[in-house]
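**Q** Now for the letters of each chain:
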Amino acid sequence: MSGFSEWLTDVNDVQASKALAVGLPTKRVESWKYVPTRGLARTTWQPAVPQTTRQFALTGGQFVNVPTDNGLTVSENTLTGSEQERLDGISQAHGFGLTQAALEDTHLILTVQRAMSVVLNLSHLANQASSAGFAALIIRAEAGAQLTLVEQFESTNVEKANLSSLRCLMTLERDSLVTHIRFQAANTSAHLFSNLNIECCENASYRLQTVEFGSKLARNDIYIALSGREASASVNGLAITNGSQYHDTHLTIDHVVGDTTSEMTFRNMVDGKGEATFNGRVLIRKDSQRSATEQSIANLLLSKNARVNPKPELEIYADDVTASHGCTVGSLSKTELFYLKSRGLSETDARAFLQYAFAEAIVDEIEHPDIRKLVETQLLGELKHGELIAELKDSVDV
Amino acid sequence: MLSIRNLHARVGDKPILKGIDLEVNAGEVHAIMGPNGSGKSTLSSVLAGREDYEVTDGEVIYMGQNLLDLEPEERAWAGVFMSFQYPVEIPGVKNIYLLKAAVNAIREHRGLTELKAAEFLKLVREKLKVMQMDEAFLHRNVNEGFSGGEKKRNEILQMQLLEPTLALLDETDSGLDVDALRVVGEGINRMRSPERSVLLVTHYQRLLDIVKPDFVHVLTQGEIKLSGDYRLAERLEREGYEGIEAA
Ligand SMILES: Nc1ncnc2c1ncn2[C@@H]1O[C@H](COP(=O)(O)OP(=O)(O)OP(=O)(O)O)[C@@H](O)[C@H]1O
Ligand SMILES: [Mg+2]
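If you read the protein sequences in the order shown, they are chains A and B. The first sequence: position 107 = 107 (this note's numbering), numbered continuously. The second sequence: position 160 = 1160 (this note's numbering), numbered continuously.
Hints are supplied without guarantee of correctness; some may be wrong.
[Stated by the list, open to error] Among the chain B residues that face chain A by a calculated CB cut under 8 angstroms, a handful are:
1. Ala1048
2. Arg1050
3. Leu1068
4. Pro1072
5. Val1088
6. Gly1092
7. Val1093
8. Tyr1097
9. Leu1098
10. Ala1101
11. Ala1105
12. Arg1110
13. Leu1112
Read the hints as simulated data drawn from the structure, not as lab findings. Think of the CB as a built atom: it goes at the ideal place given N, C-alpha and C, for glycine as much as any other residue.
Between the sequences and the hints, there should be enough to build the whole structure, so can you do that?
**A** Listed below in structure tokens is the structure:
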């Protein structure tokens, strides 16, 4: 026995038995087609032990130091009927969903009160070798509330596979605004699973800015429902995949009603033997007239062995819709490289310039200046020969 | 400084340069004229090291080195600079990053110390003034959204900063208004020196009125068919290439 079987056997309840019976998804589950599950199955996963920290953090499947900001309510109440339904929907998708449901013990519920404005900084601490933590976070943004949620991941190295799963439900009541910044530079043995299920009511707006270059394996399942008129969503994402990393984002934006807008911009940069999957689906239902969507997906391959699996899906059933989309896969432009080299830049510096430019288009969109700076700095550390650009930024930026 | 001997080059299966011979001594300005598609840009690109072109025969000796053996960046380090007929836009890379990185890369290979930010800014402001360019161009992405004329000025700005030994200027005058033509022409003149040579590709005598060439060559169908002094350009202006070929 390996994977989660022993743990599930110990838990021994109805959900655990279901998860055990179904097992981890195989290649035959379409949405898990490319996910390398061997590492997951090979480790005998144990419950991770929460660590002490002073920050608001997720560690060992527990939230610690939950903030008590003005405007924020923390509750242990049970989920609403609709929240439970949404969570069950994630659970029932496949065997990993069932495993998440069975091994999650706490649900943290945070409510941003009516018209209040709150900033939350959530740190994800690394779990110990061969251990895993499962948690769920429910966020309710009341009418007119504003929330900035910044998630960061501890990068301290762990010598063996470690895993963290967070399923997050957010409900944005009318006129609320959530800016969600996710910066994932986790340790290179981490297996990270993130589910985001967002519901935007009338005139609510959800903006996600995500930059990911850490972990061994990361899988993000994002579903955004625009279920009230004038609701909008924007997603700006960058994944840098190197070595033998695997990054996978499955994103669906569902225009449930009309007069809604969405924007999806995602870039993958893949080097080494890395593999990245991006599935970007926009659904505009039959009666969702006067909706607008913009989708742009760009993939940059930097080595012969790098792989990328981009899949844009536009499903438009309404007729009065504005939609644009584009998906490119390519390597660095030879003409641009030649131009830079003809000015005396070495091949490696010229490549670093162009890689930086590709990534910067997304990083530049991060609305939180401190985080943007932090991400830029780390990004330059991540790029081969990024130090030249770091030095230039320091010396001549105004 | 530069000896081109029997240079043949092709793109794919298509021969473009069919035996170019050209001697350029230090301090000389050579104008290359010729009909569209005759191979002028191909010649400059081959000299700058663009890999789309395959050299099938001949050799190029630049300051005692076999130029064709060098990578494009090595040619830049050795003092070769090409002003592109179509300057390349590089979204996401600020002009000032490229300028500073380029200046210091070339200084390093000339055994000079790296310019610190303040020294570099002083230098670049000086050159901007010469080119009558606004400082805002430094903080825009390389050539992105620049007008045709602004791109050409930016090329000459780079040349001013990099101080090449051999400048290959491919139609740097095309698309310039009268005032810009004078600025660019004078920018080139400022660079003239006994140690520096210029290969000037142009279609118009206007630029040659400002930058007086020592020699004028006519490139037709991949070969230099005619060479002469400044008066050849005047004759071309009057008679056109057809008149000259017929003669
Ligand atoms: N990459 C390429 N693929 C195919 N043909 C090419 C390529 N590059 C150049 N050529 C051809 O080679 C010939 C010479 O081109 P080149 O650009 O050198 O001409 P030119 O003399 O600079 O012309 P112009 O005055 O219009 O700038 C042209 O017929 C052109 O179409
Ligand atoms: Mg040309």
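**Q** Taking the hints in turn, state whether each one holds.
**A** Taking the hints in turn, this is what the structure says about them:
no., hint, verdict
1, Ala1048, "holds (5 angstroms)"
2, Arg1050, "holds (6 angstroms)"
3, Leu1068, "violated (15 angstroms)"
4, Pro1072, "holds (4 angstroms)"
5, Val1088, "holds (4 angstroms)"
6, Gly1092, "holds (3 angstroms)"
7, Val1093, "holds (5 angstroms)"
8, Tyr1097, "holds (5 angstroms)"
9, Leu1098, "holds (6 angstroms)"
10, Ala1101, "holds (6 angstroms)"
11, Ala1105, "holds (4 angstroms)"
12, Arg1110, "violated (10 angstroms)"
13, Leu1112, "violated (13 angstroms)"
When each numbered hint is compared with the structure, violations occur for hints 3, 12, 13.
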